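Enquirer: Sequence:
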Amino acid sequence: MKKIILILFIVLSTALMGYVTIRKSSDVNKFLSHEIDLKHQHLRFYWKNKNGKNFRNFQNLKTELEKENKELVFAMNGGMYNKDLSPQGLYIENGIIKSKIDTIKKGYGNFYLQPNGIFYITKNNKPIIQTTELFKYNNEIAYATQSGPMLLVNGQIHNKFNQGSPNIHIRNGVGVLPNGNLLFVMSKEKVNFYDFASYFKKKGCENALYLDGFVSRTYLPSAKWKQLDGNFGVILAEVKK
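The sequence shown: position 176 = 176 (UniProt numbering), numbered continuously.
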């Protein structure tokens, strides 16, 4: 009897380990992620170049940075935008408000799926993601971008997201990890909001913000992922000097 129990235990343990391995492998195949520690890495927000022209895509930004002897380590589109490629909602760059906060609660599109939120970085390199309703402007904010909806609020998945929803798209977003680092994620395949938010929750994020959908691109050569095209408003970029 003891031998049978031992065999069953071994079989179940092996099956469980196999399941965990498959889940991890599935996540790697489904999501591209990049972690940033603001104490040691430099994250900047970009919209227009020195001549006042939109960067529009990662290639243009990369070219501009190389002229300044800087390296583009990572880039991701940083929120929704209007037809003229201006940021939708709040946008702060180098402490300057370039676009005002949008507090409208009813409107068309994902941006207005409440609660939406704001991702910002303080001048002492502290990242914060919170709902638009809770956001309070202060002079210590270096960078900020507004988007929506929130994926996670206080560790809870947005109550409008449905498990098994057929509404699938390429998606990208940002969350704050338990260690205070930022987690940027883009799906490699089409996913629904619930599964996308679940990935951030599984990683331990308390708050996470959706950035955009099918237009999303990521430049991350360390992961052999080099999307340099696109037509964006705000670009979030890790730069090495």
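If you are wondering where the hints come from, they were derived from the structure by calculation, not from laboratory data.
Some hints could be false.
What the hints assert, rightly or not - When the alpha-carbon atoms are kept at most 30 Å apart in a straight line, the in silico DSS-like pairs for lysine-lysine are as follows:
(1) Lys-105 <-> Lys-201
(2) Lys-70 <-> Lys-50
(3) Lys-136 <-> Lys-123
Everything numeric in this text was worked out from a predicted model, so none of it was measured.
Enquirer: Against this structure, judge whether each hint is valid.
Expert: How the hints compare with the structure:
1. Lys-105 <-> Lys-201: holds, 25 Å
2. Lys-70 <-> Lys-50: Given pair Lys-70, Lys-50 holds - Cα atoms ~16 Å apart, limit 30 Å.
3. Lys-136 <-> Lys-123: Given that 30 Å is the threshold and the Cα spacing comes to 15 Å, the pair holds.
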